[in-house]
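Engineer: With chain A held as given, fit chain B onto it using these hints.
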Amino acid sequence: MIVADRKPFEEILDILGDAERILVSACNTCVTVCLVGGRREAALLASQLRIHAQEAGRTIEVRENSLERHCDREFLDALTEDLEWADVMLSTACGVGVNLVSDVNPTRRIAPAVNTTFLGATDVPGRWPCGGSQEGNCEVDKETPCAWQDIIERLDGQGRSAELEVFEPIKDWRPSHAGGRRRRIVEEVFAGDPEVSE
Amino acid sequence: MAPPSPNADGLVVGSNLERVLRAGHFAVCGEMGPPQSSNPDAIRRSAQHFLGKVDAVNLTDNQTAIVRMSSIAAAKLCIDCGLEPIIQMTCRDRNRIAMQSDLMGAAALGIRNVLCISGDHQCFGNHPEARGVYDIDSVQLIATVRGMRERSELMNGEGTPPRPRDPSKPWANVPTPLLVGAAANPFGDPFEFRVVRLAKKIAAGADFVQTQAIYDLPRFQRFMDMARGRGLHEKAAIIAGVLPVKSHKALLYMKSNVAGMSIPDELVARMQSAQNAEEEGVNVCVEIIEAVRRIEGVRGVHIMPPLWEKIVPEIVSRAGLLPRPTFGGPTEVK
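Chains A and B, in that order, are what the protein sequence lines are. Using our numbering, read the first sequence as starting at 18 and increasing by one per residue. Using our numbering, read the second sequence as starting at 119 and increasing by one per residue.
If we strip away everything but chain A, and leave its shape as in the complex, we get (with noise of 0.2 Å):
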């Protein structure tokens, strides 16, 4: 899944700026089980809007809602009347329905309330794994275990350690950050289809 943290309040209001009807859009899949930007996150979201806003005597509306997946575009027609209403859209979701939804909405003011990390599995509830060592966790963060001390124990433990001492050859970047706009096209699905084989 991908792994976000919430943005500091204070950096989604300067964001907002003098906006004042805004939506807070949550998204029900990765940010929702890393804890960060699902229904429950983005409720708590709209109720600091309000807060703050009536503290500091500012009139805002704060509307709700939630997607499926903001990263497809089959389920992004529910949100045209939301956004319609909105100054600004609050997206909750990663980085990619953060740029789908503008993609889809280009007159649309879309902005996001998280900041998209790196991909990782879910170990424990609250804890994901990173990267040097001293017994056993990552010298980066003491508090963290280190991925390669994990590596070493399960191949051990699988009797496969000779697979250490191979050499990796140097790695094409490419399918990573480094190599610009980057699509996948499943061939049996759009076989044929204009569109999409184009």
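Everything labelled a hint here was simulated from the structure, so no lab data went into it. Note that the coordinates shown come from a computational prediction; the quantities given were computed from them, not determined experimentally. There may be inaccurate statements among the hints.
Unchecked claim - In silico lysine-lysine, DSSO-like type, Cα no more than 27 Å apart, as pairs:
#	chain 1	residue 1	chain 2	residue 2
1	B	Lys373	A	Lys159
2	B	Lys367	B	Lys318
3	A	Lys159	B	Lys194
4	A	Lys24	A	Lys159
5	B	Lys428	B	Lys194
6	B	Lys428	B	Lys364
7	B	Lys373	B	Lys428
8	A	Lys188	B	Lys318
9	B	Lys318	B	Lys353
Structural biologist: Using the frame of chain A, we list chain B on its own:
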């Protein structure tokens, strides 16, 4: 000073370090951190402490991720002083395009030794916001330098300079003559894996290996036992790292802040109770050098005196490592 020429006497790159190791001498390397400014005099002053006392000196590459003068520029200043440099090159700050470019540039300036390392993570330095590059890793960098040296070939398989399209046409290839060093840490975890990693670096092409600073001799002994068990000491020159300290506080600092260090409590206590801590620091360093010199497979010592370069002549002299061998020709240290 003309750069050392390869091929003379069957040498690969013709560096002083290579000559010393090839002749079977116990090598002595020093280490210098370039200044946090563009001041060349800092390097020139520092070089005076090493001249004639070491065979070559490491120039660190923005160590602990703190911005400093380029190791290649600092190395050229050393060459101009008559001191042979070993540039360190980390994978943290440059991608493969910049690294290969800098390797060619370094060789063109007469640099003949490079230590290939990952680099301290940027979060430890003075620009923790920086993006870490790590396009390739240290093992891949070792293999790359060997490819550039032996096959005049870049990572992508292209020649230096590019080969003619017509393979029947002659190709005036230009190799990048660099002796390849690797780092080894016998004190990181998991311990058994440290020798595996060393083996991997030697298989990738390391000619020499410099270790993390040694304070824990029994652990280093075990590391060397395992390395000898795999014949690694015959495939590359293992050079033992030592780091002289002026006080027990420096030991305590390293113990708690530097990953992969093993510092026995008895040593801290000994330094703390010493009448003259600086003198005791030198005593400890000389004792460690004498001890590692007796370990089979250790081919030299690498003295890393952070901000204490002036102590190098005394340590080298007391450890019985003078005079340093000279070979005549362009690399002779005057």
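Engineer: Going back to the hint list, which numbers does this structure go against?
Structural biologist: 2 and 3
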